[in-house]
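Novice: Chains as they are written, first to last, in this note's numbering: chain A, 56 to 253; chain B, 390 to 594.
Hints listed in this document are in silico derivations from the structure and should not be mistaken for laboratory results. You can take every hint at face value.
Subject to a maximum C-alpha distance of 30 Å in a straight line, what follows is the list of computed BS3-like cross-link-like pairs (lysine-lysine):
(1) B/Lys580 x A/Lys180
(2) B/Lys412 x A/Lys133
(3) A/Lys180 x B/Lys496
(4) A/Lys197 x B/Lys412
(5) B/Lys412 x A/Lys226
(6) B/Lys404 x A/Lys210
(7) A/Lys133 x A/Lys237
(8) B/Lys431 x A/Lys133
(9) A/Lys197 x B/Lys404
(10) A/Lys210 x A/Lys237
(11) A/Lys228 x B/Lys580
(12) A/Lys71 x B/Lys472
(13) A/Lys180 x B/Lys412
(14) A/Lys121 x B/Lys580
(15) A/Lys226 x B/Lys404
(16) B/Lys580 x A/Lys210
(17) A/Lys180 x B/Lys404
(18) B/Lys431 x B/Lys472
(19) A/Lys180 x B/Lys533
(20) B/Lys412 x A/Lys71
Computed from a predicted model, the values in this text were never measured in an experiment.
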Amino acid sequence: MMNTEQDKLKVAPIEKRVEAIDQVLRNYGLEIESFVDHFHDLAFEQWIPNNGAKLVARAWVDPQFKEFLLRDGVGAAKSMGFSFPAHHRYLVALENTDAVQNVICCTLCSCTAFSIIGLPPDWYKDLEYRARVVREARTVLKEMGLILPSHVQIKVWDTTADTRYMVIPQKPKGVDGWSESKLADLVTKESMIGVANL
Amino acid sequence: MDGIHDLGGQEGFGKVRFEQGAKVFHEEWEIKANALYSLAVKSGIFNMDEYRHAIERMEPRHYLSASYYERSLTSLASLCVEKGIVSQEELERLAGGVYPLALPSAKGRSNNPLRQSFEPGNLVRVRNEHVSCHVRMPGYIRGKQGIVIRVTPAYPYPDAHAHGIDAASEPTYDVEFDALELWPEGSESAKVHVGVFESYLETVV
Chain A
56 MMNTEQDKLK VAPIEKRVEA IDQVLRNYGL EIESFVDHFH DLAFEQWIPN
106 NGAKLVARAW VDPQFKEFLL RDGVGAAKSM GFSFPAHHRY LVALENTDAV
156 QNVICCTLCS CTAFSIIGLP PDWYKDLEYR ARVVREARTV LKEMGLILPS
206 HVQIKVWDTT ADTRYMVIPQ KPKGVDGWSE SKLADLVTKE SMIGVANL
Chain B
390 MDGIHDLGGQ EGFGKVRFEQ GAKVFHEEWE IKANALYSLA VKSGIFNMDE
440 YRHAIERMEP RHYLSASYYE RSLTSLASLC VEKGIVSQEE LERLAGGVYP
490 LALPSAKGRS NNPLRQSFEP GNLVRVRNEH VSCHVRMPGY IRGKQGIVIR
540 VTPAYPYPDA HAHGIDAASE PTYDVEFDAL ELWPEGSESA KVHVGVFESY
590 LETVV
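In isolation and in its complexed conformation, chain A is listed as follows (with noise of 0.2 Å):
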């Protein structure tokens, strides 16, 4: 236990540490290098944000895939070729109207659907989202710079159990005839987590 500055100092740097448990799962067996690999590969080339922006593009445009999305997400990623960790076995798509906002939170941990929305960043795992958004949801998204207007209902979803939350943007306007591809480009992380808009 840390409870001394004193105990702080004697505490091994955080990378000594992460050496320390690689040695410990490779004398257990564990194929390290390769694994570490494929993670890199997971993280800055599958797991993207741009998966969720081709949902949501394709949801803008095609009505059917849109009912799809809502009813099975998992069912739509998927068909779109997008997969899941074994632990996500259900994925709901929450729309953004005129009268609704939807935002997505985990008050105990960093739960998201990091396959579909990308891995959540830093503000969304630290303690001052967890606490707040929940209870002055109005003012957290004021202060990310998204101001809402009165009439707006927001909904928020804590990601308490393994059913994986993306919210779906409105589609901004003036982009009607654009390609899917490039309606996808437009469509960010924040926005599929609700706390900022198109």
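On the provided structure of chain A, position chain B as indicated by the hints.
Specialist: Showing chain B alone in chain A's frame:
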């Protein structure tokens, strides 16, 4: 457990340190820490509920001051020690200094034998329970009423799964709460949706 991790609704926190397009990783060791815990889960050394619970069991001062990836690493190391893969002494020898770990776990529990199933539209109340084990019921809904909006597929019961106890998987319910009822006269207007395990709920008559 009523731990430091259960942050929803806690007051006194400042502004969210928000940044558009924020990077997910900043240092190489963070990627390594994330990869190693993922590999440990994949290899069956521990499951996600054990992983989450070991983070919750971190000494509160350490929890609050650690970055996200330090919390991940501490959980991973704590579980390796608890599973007998390595001793804390050996870890500290390898790291060349103190290696802070999570505090010991309380006993888990199996499903509530009185649990019942619900349907969309049902009015439900979250059981007024204080358990010291892993539990995925944020404190702010304890004893509160809400409406079932949808039923989602069965998942392993966290209170058992984090503690090596046998239990049936349970459906979770998307329960909608009114923020103004969760924190009477102490919140802004919003609906708060929480995924609640069946065992945590009772019917409202």
